[in-house]
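Protein chains in written order, with the numbering used here: chain A, 7 to 293; chain B, -7 to 282; chain C, 15 to 324.
Any given hint could be a false lead.
[What the hints assert, rightly or not] Straight-line distance between alpha carbons at most 25 Å, and here's what the computed PhoX-like set of lysine-lysine pairs gives: (1) B:LYS258 with C:LYS119; (2) C:LYS286 with B:LYS261; (3) C:LYS307 with B:LYS279; (4) A:LYS210 with C:LYS248; (5) C:LYS307 with B:LYS261; (6) B:LYS182 with C:LYS286; (7) C:LYS143 with A:LYS191; (8) A:LYS191 with C:LYS119; (9) C:LYS286 with B:LYS263; (10) A:LYS191 with C:LYS260; (11) A:LYS244 with B:LYS89; (12) B:LYS263 with C:LYS248; (13) A:LYS204 with C:LYS119; (14) C:LYS286 with B:LYS244; (15) B:LYS89 with A:LYS167; (16) B:LYS258 with C:LYS307; (17) C:LYS143 with A:LYS208.
[Unchecked claim] Pairwise CB distance ranges (calculated): (18) A:PHE220 with B:ASP143: 52 to 58 Å; (19) B:TYR24 with C:LYS45: 45 to 51 Å; (20) A:MET221 with B:LYS182: 28 to 34 Å; (21) C:GLY298 with B:LYS134: 46 to 52 Å; (22) B:LYS192 with C:LYS45: 42 to 48 Å; (23) B:LYS134 with A:GLN74: 36 to 42 Å; (24) A:VAL91 with B:ASP143: 22 to 28 Å; (25) B:GLY268 with C:GLY217: 24 to 30 Å.
The set of hints was computed from the structure by calculation and includes no laboratory data.
The beta carbon of each residue, even a glycine, is placed where N, CA and C say it ideally should be.
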Amino acid sequence: MNLTLGKFTPFNTIIHKLDSRIKLIALIVFMVSVFLSYGTPYMNLVIYGGIFVILLFISLLGRVSFLQLFKSLKGLWFMVLFIIVLNIFLPGKTSGDVAFSIGNVKVYYLTIINVSYILVRLILVMMMTNIFTSTTKPMEMTSALEWLFYPFKFIGLPIHKIAMAISLALRFIPTLAEETERIMKAQASRGVDFHQGKIKEKIKAIISLIIPLFMSAFLTSGELADAMEARGYDPDSKRTRYRAYNWGFNDTFGVILSAAFLAGMIVLAVYQYDLFNYLGISLPKLS
Amino acid sequence: MRTKKKEIELLKKDSAIPSDSAIFLKNLCFGYERTKLNIVNANLDIKKGQYVSVIGHNGSGKSTLAKLIDGILVQNSGDIYIFGVKMTDDNALLLRKDIGLVFQNPDSQFIGATVRDDIAFGLENARVPSYEMDDIIHDCAKRVGMLNYLDTEPSNLSGGQKQRVALAGVIARRPKILIMDEAGAMLDPKGKRSIREFIKASRKDNPDLTVLNITHEIDEAYDADRVITLNDGKIILDGKPSYVFSQDSLLKSIQLDIPFAHKLAKDLKNKGYDLGPIDSDEELLKKLCQ
Amino acid sequence: MPIELKHVFYTYDEGLPSSREALSDINLLFKDHCFTALIGETGSGKSTLIQHLNGLLLPTSGIVQVNDYVIDMTLEYKKKHGLPTDVINTHAMKKKHKKKQKDIKTLRKRVGLVFQFPEYQIFEETVIKDVSYGPKNFGATNEEAIASAKRALALVGIDHSYYERSPFELSGGEKRRVAIAGIIALNPDVLVLDEPTVGLDAGGQAMLMGLLTEISRNGTSIILATHDMDVVLKYADRAIVLDQGKVISDSTPLDLFQNSEFLNKSSLEPPKVFRFALDLKKHGLDINLNNIKDCDSLADEIIRVKSGVK
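Just chain A, same shape as in the assembly (with noise of 0.2 Å):
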């Protein structure tokens, strides 16, 4: 059985060989200039889109399926209708031209522009994850943040001990899911019926596998503890890493680019640069 966890897909493209700590920190510089403002409500629309251009520019450099993407959006459907119908509702601060009206409640081209954002941000922050998500292994994801958060170690949090169980409790995903399948068939045997039967049947069906899967994992969870005990694992002491790091021109490349990236977003950002004023081009004012 195999499983392959979150949505990684095994090709071997350039993204898929930077280094993880590069992609980690390229993650959180578009988050940050995603949720910058950049003046106008124009040059908001002109940054996020050149940001989605780059994205796309980058989902195809990994080879990151939009499948995947589709289909998590898609999930989201009901908290997309919720958030435009709480703004159009209960819109906060009002000003400016209303643009329609439903029934006696104003809908103000403020919260349109206020709620696309929101959308925006959104289709732009999924993408970026499932880029992560889709070139780099967990354990790489673990091993990046687990670098990431290293200063953390000085405020007293475990770091390593945090990234050791993160580690452990991948590895062992797909032993628990066997386990778990193992149990149902056991079940199945007593007469267990998953999936018809009264409501008291079932919860005593889904009792009758969690009380198992709980004890296994209970059991293995010990006999992990002896057995990396028993190979000199020390939490306390200090380990030298099989899985070193391989920084690569491109990486280096990447941090360069991610950095001047920043540095640009921030600097629009704070000086609000307005593009169009600058080219002479007057658009109508919605706010």
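Since chain A is already given, all that's left is putting chains B and C on it; use the hints.
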């Protein structure tokens, strides 16, 4: 950060312990709970290079003993000496470097995400520099026949294969003492044979290797120089295989099997055909075919 | 209650790149009141085969018939009922078919299946509750279920002092017996066990095999997947060997262990008792191999021969 000097102090040998002793247990007592002792007054002197089998019914304390010797469990009272050095809270980790312990469940002792990572785990703990690791991993995987599976995940390996990876992990640490806690119990006959072969090969590679093999397979127990029998936490027999397995009524009373030749000889004797003391299949065959 | 497999094939992950054929053209008939041993290494298809016997798995193609209950996955049937005849995605169709397949659950009552390390399926608060869970799932009233449970527990040697105890405080061997009782309580006509002695010590193994012998004597057919050749020789009247999804040998244990040509090719080793008996025969003793079941019977045979010679 421990200094070299402190380390030397922690590993000071006790002169009262014989110099050829690998594992020395003195009046060792241990209980998981307050109300019952699982190891009762164990006294043992296992010499360097000895191959010792440990047999006993389920629950007799075999695994508990293994974990105590490896310092994973802390005894209630009594002392453990590894190569003459008394085990304490401070030096248990240091002493453990010389001890390799393989458990019986192939899954719950497979730590890494892949075969490679699992063998590396022990090396990381031992602070082996990362640039040296690939060669060691390659070598150990080759010796257990898992070289083609270095990047395979455990969910795609059989029990026997996972156990071989556990053996590779143990080889990588180059222990002076090897403890096998029923390492073949959950494997098919082929897997059990490979465990038996592994012990033989390891002893050949390193004649000074001290081996403690906990097993239910009586024929395997017979391979050893010495057999220790545990019952309800006590060591009730300790000696050469030929001696221990001649105590057939005692062994039967504690639910243990005896080797085939001994069993057949005893059955024949009970039915009126006494061949005298028999020590091996060959001896029995000869006597019957005269 | 006979079980028959006709041209049974099973493929895991059909249609996917990871697909692999676990059973290939299996044709077997398990008669009533038999004690059959199923031998095979990991990967031989043993577990897959076992799961076909109580309907946990439906064959990719072929027929499984338990008494009068038929699971028909042959091409003609598929065509008749509008099921897709191509290979891809029959799994989804099988699920629909399973629902159409009336009362596959009743199959599980008649063919009791005990998995490896069955103690891991225990979950109830007391021993008696856990053992009576099975019968209740098949429609027994509380009283009936408890009565069946008590009968089953007596059979596995667990007395009434254990009834109200938590199964989790029991020893490994006791837990296993409770788990097996949970299946015996269903009163199956056929009992299928997947390596029930693994992890038990000599005493535990002897007790379990004694239990199975008694159940077999009461009329229940036993199908036992095992690696232990001593068990095969002593208890089974038929030995089926699987390798890579195919049946490569199907005979009495005696015939299997005497087939040196076959044994040389496979990695199977006859039990020590048998090998020794063969050695004795080679050295001139007129041992009748039919009388050899275990050490004790070998001793009897040796004495018979020796006293005859006298």
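A quick look at each hint next to the structure:
no.	hint	result
1	B:LYS258 with C:LYS119	50 Å, violated
2	C:LYS286 with B:LYS261	19 Å, holds
3	C:LYS307 with B:LYS279	22 Å, holds
4	A:LYS210 with C:LYS248	41 Å, violated
5	C:LYS307 with B:LYS261	19 Å, holds
6	B:LYS182 with C:LYS286	16 Å, holds
7	C:LYS143 with A:LYS191	20 Å, holds
8	A:LYS191 with C:LYS119	12 Å, holds
9	C:LYS286 with B:LYS263	21 Å, holds
10	A:LYS191 with C:LYS260	23 Å, holds
11	A:LYS244 with B:LYS89	15 Å, holds
12	B:LYS263 with C:LYS248	20 Å, holds
13	A:LYS204 with C:LYS119	16 Å, holds
14	C:LYS286 with B:LYS244	19 Å, holds
15	B:LYS89 with A:LYS167	21 Å, holds
16	B:LYS258 with C:LYS307	17 Å, holds
17	C:LYS143 with A:LYS208	17 Å, holds
18	A:PHE220 with B:ASP143: 52 to 58 Å	32 Å, violated
19	B:TYR24 with C:LYS45: 45 to 51 Å	49 Å, holds
20	A:MET221 with B:LYS182: 28 to 34 Å	30 Å, holds
21	C:GLY298 with B:LYS134: 46 to 52 Å	47 Å, holds
22	B:LYS192 with C:LYS45: 42 to 48 Å	44 Å, holds
23	B:LYS134 with A:GLN74: 36 to 42 Å	39 Å, holds
24	A:VAL91 with B:ASP143: 22 to 28 Å	50 Å, violated
25	B:GLY268 with C:GLY217: 24 to 30 Å	28 Å, holds
Violated hints for the displayed structure, listed by number in ascending order: 1, 4, 18, 24.
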